[in-house]
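If you want the building blocks of each chain, they are given just below.
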Amino acid sequence: MNGFPVLTTILLAPVAAALIMTFIPRNESKLIKCIAAVGTFVSMALSLYVYFSYDTALGGLQFAEKIPWIRDLGVNWFLAVDGISLPMLLLTNLIGFSAVFASWNVDNRPREFFILLCLLITGVMGTFVAHDLFIFLLFYEVVVIPIYILVIIWGSSKRVTKEYAGMKLTIYLLIGSAFLLVGVIAFFVKAAGVLGQPNMSFTALAEAGKQLSAFDQTWLFALMLFGFGSLVSMWPFHSWSPDGYAGAPTAVSMIHAGVLKKIGGYGLVKIALYMLPVGAKFWAPYMAVLGVAGVTYAAFAALAQKDLKYIVGYSSVSHMGYVMLAIGSFSVIGINGAVANMFAHGVMAALFFSTVGFIYEKTHTRWIPDLGGLARQVPRLAVAFMLAALASLGLPGLISFIPEFTIFVASFKVYGGLAVIGIAGIILTALYALRAGANTLFGPPREEYDHLEDIRGPEMVPLVVLGTVLVVGGILPSLLFDMVNSGAATLMTHVESAVKLGGVFK
Amino acid sequence: MVEFAMHNAWLVPLLPALSFLIIIFLTKPWKKLSALVCVAGMVLSCVIATLAAYGVFTNHEFTEKPLVYSVRWFSMAGLNIDVGVQLDPTSAMMMFMVTLVASLIFIYATGYMEGDPGYSVFFSYLSLFGASMLLLVVSSNLLQMFVAWELVGLCSYLLIGFYSHKISAREAAKKAFITCRVADFGLLLGLLSLQIVFGTLNLTELAEKISHFEQYTTMGILTLIALLVFAGPIGKSGQFPLHVWLPDAMEGPTPVSALIHAATMVVAGVYLVGRTLFLFHEVPTAMELVAVTGGFTALFAASIAITQREIKRILAYSTVSQIGYMMLALGLGSLTASMFHLWTHAFFKALMFLCAGSVLHALHHKADVWEMGGLIKKMPITGWTFVVGGLAIAGVPPFAGFWSKDEILLAAFDTGHYVLFGMAALTAFMTAFYMWRLIFLALFGDEKPENHPHESPLNMTLPLIALAVLSAVGGLVGTPWAPFWQEWIFFGHPHHADPNYLIMIGSVVLALAGIYLAYNLYCADKTRAKAHALAERYRFFWTVSYNKYYIDEIYLWFNHTFIDGAARLFYLFDIYVVDGVFVNGIAAITRLSGEGLRVTQTGRLQNYALVFFLGVLAVAVVLAFTDPSTAAGLTGGVK
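These protein sequence lines are chains A and B, in that order.
Going by this note's numbering, the first sequence opens with residue -19, and the numbers climb by one from there.
Going by this note's numbering, the second sequence opens with residue 15, and the numbers climb by one from there.
Everything labelled a hint here was simulated from the structure, so no lab data went into it.
Hints are not guaranteed to be accurate.
Stated by the list, open to error - Taking lysine to aspartate or glutamate and the DMTMM-like style, the derived pairs with C-alpha atoms no more than 20 Å apart in a straight line are:
(1) K42/B to D434/A
(2) K286/A to E341/A
(3) K223/B to E78/B
(4) K286/A to E185/B
(5) K180/B to D430/A
(6) K180/B to E427/A
(7) K342/A to D430/A
(8) K170/A to D196/A
(9) K180/B to E428/A
(10) K462/B to E385/B
(11) K138/A to D593/B
(12) K180/B to D350/A
(13) K286/A to D593/B
(14) K540/B to D382/B
(15) K45/B to E128/B
(16) K79/B to E501/B
(17) K286/A to D578/B
(18) K170/A to D52/A
Assemble the whole structure, with the sequences as input and the hints as a guide.
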């Protein structure tokens, strides 16, 4: 496939599906769903191809495509993947494909729903394959619009209304991205000064960024930290997350918790840390502290929840705390752990949300005291739930254990006691995950749920796809780590040499 | 064949894993076939394990240098982890014991679980457990061991909660997992420290590096690491103060109690300490702690067992107590004695649990020993094999328990730990007493007319007989006069203690005294008036013991008050402070400033014209008072 623009194809497949859907009559809902499935499947298959044909020994940017776009700003349609972005791309597609099937029973305006869903998936993918900061931001903003509409139309109202949830989600992230934008523009202007010409490519910006003075790097990083941090639900800027997920329809919760918030972690690593190493070094301890605070705080908050979606919502905040702690450890092992943990958490959170979505669809409740004993009535759904819950508590043999272990090694080495508090989160996680599982699935079955039908057919897809990744990734962690390490090692070599340099323009 | 088995010992955990997959994905609808797959996988494993063990126990090379096969599991810059198989006498013995006992129990389970709706699922879990346990046994790397360690915990969770529609089973399963999680938190920190300090988790490399640990770290850090690592075994092996989950684990089906919560999984903690004895050996403080924990737990659990009424609970506390013995031996530095007791205990405790299962099966799950009686007449095989188990655990020669317990007592005496020796001896007496209390109450005495016991089918009684034989003769591999065991399984150098006849005779006297006391109270005296009088006279002690020293209640209170309290507190903080004050506060400021600014939007043209005029005036003033070049900049370069 030499020369074939495979990344662009991956991006365009869901767009093409969306375009085709606009021509389908609105009552052909089966057909619409099938088209969405095909579109996302093509992307998934191609990204699997890219993942397994990427040469990890060689490393660096591969599958690059570069078309000049806005010459005055140095903007190019520059797509490329490396060991950090490729797992994220794959993750997006695994979850996107599953999300289509998790929404198989959507019958309120299915055409609009699936068009928006496909656009959303494209937007998320775009941020991960972009190697140009302008393109990255463009896709980042593309994401916001479908999310807002999807939540306020197809969402559900519980503790908060879906309109509130949608608004909070959108505005919160827009505020974050406003700061981010300011930081990026300021950085771009300064970088252009260093380079002598405007350039938006990641590589060029990184070369320029490391030469900025320590002071500049520090405040620029702070802006990005706030922008990306609020997206990755860094404590205390997390409160959009549980409400937003609770209000969102299943597919959006899956994509949002699964990959969208990972754009924050990805941006922190691939943009902020990569381009502003000295700034990152300055903020690293703060990130670690906020990370640990997030882990513990959100785990406790999850323990107090009775709504399943809130549990998963807080749980994802808690897990993202580990990502922050890992980035804060400022080491190759830490970055490996951060990226791998984002992948692992994405798979597990998506499975969790899809399962909760099915439970809600069938029982019409997510309120734990109204549930119980479902394992007898819907055994396959129970398997999915338990898999997600066990992955969430970091059970060895499932995908999330090794990334967490890696993070623990990195952060324990650097932060000692602080890391121990974070690691203690594994006890709290076990508490809320098992409590949720026990109170939902086990105990005496309830009569009113005797008639429930177990998931079958298309509904099984999320379980099969994501469950397989959970188990295979747990047994063969090298599948993930060989890839991640090839990216993380390169990145940290750059960062460490830049930190030694300490910025040129003092 | 032997060569093949030794070089392919990875098959031993793999075969049950395959059984698991086959049952889950293929044979689940066919119950008998699923059970067959499960049993076949384990029996095949047992054959390979036996051959491999034969190979190891005929070549003294392996006591010096274990046979290790490993592959890279995952790696990144600065962190490389292997998985592999490490064969030496200790792991070969464990492998053989686990596969043998598991095979027998799996066969037993085909009868015991008859008619259960979850028959196939049960066997799939059993297979998964077998695979995980064997993975743990053969581990060449501590992280691999930890993985298996958690996986056996998972199987334990699934199997304790097998009757998941029962709330008690559900809660017991959760309790087991979380209690062990708390302990594993410590273990994980220990492993992380080992990885960070020594840069490896491979057992052989660690052993080498720790033998001259001064190059890497200080004594203080090493002590801390050893204590952290020991936290794991405290949880998994049900040692005080984390023993609380084990008695509750009896909610699971009885074969599970026999296999997981008596013979194999719960001794994983002992095995782990045994495997990392090179670490503990360097740290005298940790060794003392291990010994004291073990000795205390042994006595403590025995003191609870003497008043319990449920048959499986008595056995569970007895397990806790016996594992305490094994820990005690490890703390005294005697891998030989510890592993020896682990070996014999596996047989007689599995046997007694299976007998209990047979009894429960016959009495339709009536568990109170006071409601049984005279069962030996209707259930002769179950009854007499139970008696063999009782003799073995009490330490009556020549049954298995006598030899291993003697080895432990001897180790305590020879190393000068007289207090621990006394505790161990007292425990031996109490063990004989409570176990025979159970036997006299359940098997002898008058038959209860409301019970209609019947002997269990052949697939249940055959394993009983096999285990009874092993319980009778299993200790003969390590008698003081033919110390085969002592020559193969040891830490450092083989240790031949001279037979100490005083201790030997003393322990027999204690055992017989315990049995005699039980006979007096519960068998000779048909009304059991003396027993009741005794309980009445020491009402306080009886109540405390019967209520397990109220430790469960204390933990429950702690959990509800502090953990759930903190959870509510954090949640309220999130809603009212983070969201209420900050997020909604900022939103309110935005809204209010909007409302404030709205005042200026009067809709009157005059006002707008005035503002416009003032603006122009301001620009003019600025231009007038600044120098031309700046002014040009301000006006956007317009000249």
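Do the hints match the structure? See the list:
Distance check on the hinted pair: K42/B and D434/A sit about 17 Å apart at the alpha-carbon level, within 20 Å; holds. Annotation: proposed proximity of K286/A to E341/A holds, straight-line Cα distance about 17 Å (limit 20 Å). With a C-alpha separation of about 16 Å, the suggested pairing of K223/B with E78/B holds against the 20 Å cut-off. The suggested pairing of K286/A with E185/B holds, with an alpha-carbon distance near 18 Å, which does not exceed 20 Å.
Taking the CA atoms of K180/B and D430/A, the gap is near 17 Å; set against the 20 Å cutoff, the hint holds. A C-alpha spacing of about 15 Å is found between K180/B and E427/A, which places the hinted pair at or below 20 Å, so the restraint holds. For the given pair, K342/A sits about 11 Å from D430/A by alpha-carbon distance, which is consistent with the 20 Å threshold. The suggested pairing of K170/A with D196/A holds, with an alpha-carbon distance near 9 Å, which does not exceed 20 Å.
Taken as a hint, the K180/B and E428/A pair is honoured in the structure, with Cα atoms around 18 Å apart against an allowance of 20 Å. About 7 Å separates the Cα atoms of K462/B and E385/B, which keeps this hinted pair within 20 Å; it holds. A distance of roughly 17 Å separates the Cα atoms of K138/A and D593/B; the hinted pair therefore holds under the 20 Å criterion. Simply put, K180/B and D350/A have alpha-carbon atoms about 17 Å apart, close enough for the 20 Å limit, and the pair holds.
For the hint pairing K286/A with D593/B, the CA-to-CA distance comes to about 19 Å; that is within 20 Å, so the pair holds. Taken as a hint, the K540/B and D382/B pair is honoured in the structure, with Cα atoms around 18 Å apart against an allowance of 20 Å. For the hint pairing K45/B with E128/B, the CA-to-CA distance comes to about 9 Å; that is within 20 Å, so the pair holds. Under the criterion of a C-alpha separation no larger than 20 Å, the hint pairing K79/B with E501/B is consistent with the structure, at around 15 Å.
Pair hint K286/A plus D578/B holds up; C-alpha atoms about 13 Å apart against a cutoff of 20 Å. For the hint pairing K170/A with D52/A, the CA-to-CA distance comes to about 15 Å; that is within 20 Å, so the pair holds.
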